[in-house]
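There are 8 protein chains.
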Amino acid sequence: MGQALVSIIMGSDSDLSVMEQAASMLKELGVSYEMDIVSAHRTPEKMFDFAKKAHERGIEVIIAGAGGAAHLPGMVAAISPLPVIGVPVKSSNSIDGWDSVLSILQMPGGVPVATVALNGAKNAGILAAQIISVKDRSIREKIIAYKKGLQEAVNRKSEELKRC
Amino acid sequence: MGQALVSIIMGSDSDLSVMEQAASMLKELGVSYEMDIVSAHRTPEKMFDFAKKAHERGIEVIIAGAGGAAHLPGMVAAISPLPVIGVPVKSSNSIDGWDSVLSILQMPGGVPVATVALNGAKNAGILAAQIISVKDRSIREKIIAYKKGLQEAVNRKSEELKRC
Amino acid sequence: MGQALVSIIMGSDSDLSVMEQAASMLKELGVSYEMDIVSAHRTPEKMFDFAKKAHERGIEVIIAGAGGAAHLPGMVAAISPLPVIGVPVKSSNSIDGWDSVLSILQMPGGVPVATVALNGAKNAGILAAQIISVKDRSIREKIIAYKKGLQEAVNRKSEELKRC
Amino acid sequence: MGQALVSIIMGSDSDLSVMEQAASMLKELGVSYEMDIVSAHRTPEKMFDFAKKAHERGIEVIIAGAGGAAHLPGMVAAISPLPVIGVPVKSSNSIDGWDSVLSILQMPGGVPVATVALNGAKNAGILAAQIISVKDRSIREKIIAYKKGLQEAVNRKSEELKRC
Amino acid sequence: MGQALVSIIMGSDSDLSVMEQAASMLKELGVSYEMDIVSAHRTPEKMFDFAKKAHERGIEVIIAGAGGAAHLPGMVAAISPLPVIGVPVKSSNSIDGWDSVLSILQMPGGVPVATVALNGAKNAGILAAQIISVKDRSIREKIIAYKKGLQEAVNRKSEELKRC
Amino acid sequence: MGQALVSIIMGSDSDLSVMEQAASMLKELGVSYEMDIVSAHRTPEKMFDFAKKAHERGIEVIIAGAGGAAHLPGMVAAISPLPVIGVPVKSSNSIDGWDSVLSILQMPGGVPVATVALNGAKNAGILAAQIISVKDRSIREKIIAYKKGLQEAVNRKSEELKRC
Amino acid sequence: MGQALVSIIMGSDSDLSVMEQAASMLKELGVSYEMDIVSAHRTPEKMFDFAKKAHERGIEVIIAGAGGAAHLPGMVAAISPLPVIGVPVKSSNSIDGWDSVLSILQMPGGVPVATVALNGAKNAGILAAQIISVKDRSIREKIIAYKKGLQEAVNRKSEELKRC
Amino acid sequence: MGQALVSIIMGSDSDLSVMEQAASMLKELGVSYEMDIVSAHRTPEKMFDFAKKAHERGIEVIIAGAGGAAHLPGMVAAISPLPVIGVPVKSSNSIDGWDSVLSILQMPGGVPVATVALNGAKNAGILAAQIISVKDRSIREKIIAYKKGLQEAVNRKSEELKRC
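Residue numbers (the numbering used here), protein chains in the order written: chain A, 422 to 585; chain B, 422 to 585; chain C, 422 to 585; chain D, 422 to 585; chain E, 422 to 585; chain F, 422 to 585; chain G, 422 to 585; chain H, 422 to 585.
Treat the hints with care, as some may be off.
[Claimed, not checked] To give a feel for the contact side, a few chain E residues facing chain C, derived at Cβ under 7 Å:
#	residue
1	Asp457
2	Arg463
3	Thr464
4	Ser512
5	Ile516
6	Glu573
Hints listed in this document are in silico derivations from the structure and should not be mistaken for laboratory results. Computed from a predicted structure; not experimentally measured. Where a beta carbon is used, it is the ideal one built from N, C-alpha and C, also for glycine.
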């Protein structure tokens, strides 16, 4: 796919089944990406290095997923000038997901994280594509087409329901 | 400032004191913006019309703030192909802000809203600038400088504390 | 059943197993209804059109069910002059149902949604019938009979318990 | 105003400042009403009597407001065949309003309460008028006009904001 | 067992598996009891009648269990002069039990309900026995013995753990 | 007043303004009581000693109030065979009272605490009197009279409201 | 292993599967420990005795796990001068773990409990070792090596992901 | 005071009024400390550098306070081998403190943070002293004396209450 524009990182390989949905969405929308495991808590230096250099490597958007006391999205946003999308993952010992959501969402003034719904990696992929579409209008056309597809799928379900 | 790239909308004029912080931040970072009151619940047709046409008018990012059962960001995201940043506002009859946060954050698959912290309009402004920086590298330089400024401010406070 | 008086809509076909309970209840109470899938987020124009015209088609009450950041009941209530009953559905990625409940219940002043319990579609059906009974006293009689039935069912269970 | 169609009751005179907003709204929309203090916990027999006879006196809708462990709306709904609108009031020792909301909203199957937002008595008034409009089309016209008024007020605020 | 001193009631037969634990505990502690289904919402008149007459029949303590918007304990406490113990039951559509807990616990000043833990019917049985022990010292002896039994059970488990 | 039958204890003198309401209520209902500060965390031995001996001194009911991680009611209930009423106090650093409520209410099987509402010391007083009334019928008469008084107060407020 | 430096206690044998993770971690880091069941609610005297004497027996750190209204960590911390680590356990009737967390964490000023995550016994073990490392530098070396191991495990997973 | 053994850091100077209580406590217990502002989000490199070197400078315990999405304690714990005490601070835009608490407490396995109560900096100071006491028995004596002081203060309050 050429130079990756979006970098998808996650704190643990247990987040993979959720975070892959961001990758699928980016593939569907024709946006090139890379994917890696980077843990703020277990590989802090790798995380630091990743965040410092991502924009120099041509990355335009970072998607970071993590669960529990989820510090990865916020720490990457602290270091990188790029827009960072945070995906709260409902991990096994999470308190119903509240910890993941609040530790990603409630960033202090100065350091935003664009937070999506709990386990909302699919939406993180779409949002990253929307951000890329600011400079690549062909992606915007794909987003418009994708939205039309959503609408048509609902209409088909509606027809089915009425037939019953 | 020329053509507005960011459109800041809010559900009620009572959200203005919070949402103005997005405008200030955009001004500081040199991103042109417009600001209006658009209510999903009281002016649904204006909202519809706004969301349908924003990208045709040259808008690249929408920032939408609302409180309580906050439907404005999600509805605009449903209609517009642009990236939408949602600002949960802690309004007077809100249940501690939980209603604003959850009704903006928990969007279904297919329709993302980039949610920031409760009353986090300042971060919405920075995030919008980060998105614009995807096509305008001069904005990225300003974001890097802004981050340096945050760092220096902390260092000054640190020096003051040590002097005491 | 002739002209539908109640329109049951839901945001997704995954809400159907819950929302069918509203239909069953209306059938039991002899109130005519229609049922469709209308998504605020994926088919916003259909939603708009539906809400604008429902009262012109003879609909008297709308029951709208949705989960997560559930905007369907509130948006329909924003557009239609009819009484709107909202059913918070506990969908798969919901945060324990809190998101559905709060984004339906906490409507701003001016735009009410008559909210029932989480997954409370059965009660939405009864409430719609109670509203119709304002002009059709035969429905009120059925509601009074239904309540008597509830009472008798409890009394039978009470007898069984005492026999053990 | 002639025969009251809506009965507004509340558990305590401390709920009056909230519940008066239902009365104002009904007055504005031309719906006749009565107002009384009826406590499920302190005057259970009066409550019982009220709920048993309201529909025989010509009442069509009951609005019941209460705070804390708020049993008034649900108990009246258990006894009366009329539609009951519940207003959760944020009373002084309430746990942030959660107790009022949950003890009104989460009614079991068979006994609905049409719940509005915390302290949402204004919306209870509008909802009651919407219910009455099922048999009195002049009220529906007033609701349509009221919605137009909401829209115009937002538009005026929007103009003011742009002038600044 | 002679005259029942404790009356165990519950809102639905679905609460029986929880509420039986109160009965077992009372049996173990030698306190006579009766058990019935009494629903505040579906059999309000039976509930009223029950609460009005319980103390005249020789009942000394009432244990009432219910789930969701749980009004049974509070309503019985409103009508009866007896001490009422409330058991919040985590029913199927409950929001994680919070609704049951708050609608039983947060009673207004003047009408107490002695609330025990979520699904804590066993403790309700012990508490009822403790109340009866105010006039029957033989029950107090049994409670002291029961506590000794708890202690010995822990000590046995402790021995087992150390042997491993 | 002779031998105290009820002992009111609290974890800190900052709980006094709340806990005094239990004392007032007992005075009004003619039940003798004593009051002291006993901290589970700061005076564990005094607490232990208190709990061990209360029933030997003729105390029949213990009311214990505490805030935050409130261990006093549960620890006293662990040691004493008497019925223990717990009053969750909303202290200054409490998280909205949730900590006080949950750490008093959620006792494990075997060790009940009769929990009343947040800051509900008044109800703790009434509940203690209801427990004493099991052996002293004159107290029950006072409770019946007290309930009548509550009813009359509501009726007076109702009259006032109607006069306006 | 010689004299135990860390004492792991838990309120019930049902906490054992969680609390064993603290033991495994201490074994891995070469810190000697003991393990026992001590219930604040069912064996208050044993708990008292344990807490009073632990430091005299050479114990340096106490790890205490409990669920629901979890009083064990706080009560031990009230009595012992040693640092106490609290592990909130998500027990069967817990309200999603909130009760365990809040009743361990929210200790009043003067009596700290070092609280770890819900079911976080593994971290309790590491924390205890970190505390012991204050006087035993060989343990610190093991902790540094353990952290390196965490990092290497993530790097291996990262390599695997890239190979796919 | 000689070589600092405890380092108190905080994310912002707005946390100072809370965090000073840790310093006061350490002073009272005779433990040397240093204090600085180190922000994970605004000075990530300083934070990194601080955490990497603290143990080499002779620091034995780190106390870190932060509010909102509070990443400072967890990130320092990720990098440093020292025991880290986290103080959740209830900052101005915090959602009632839940965000601070959960983002500090819910650390993943491998990286503990010893969390104290919301705004519990005083207890963080005591806990740090308890940890230092593992190698310095004179500090343990001071802690024992401090606990005695707490007890005496309660006893004095108890005497005062009885005199009234």
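Which of the listed hints are not met by the structure? Per hint list: 4 and 6 violated.
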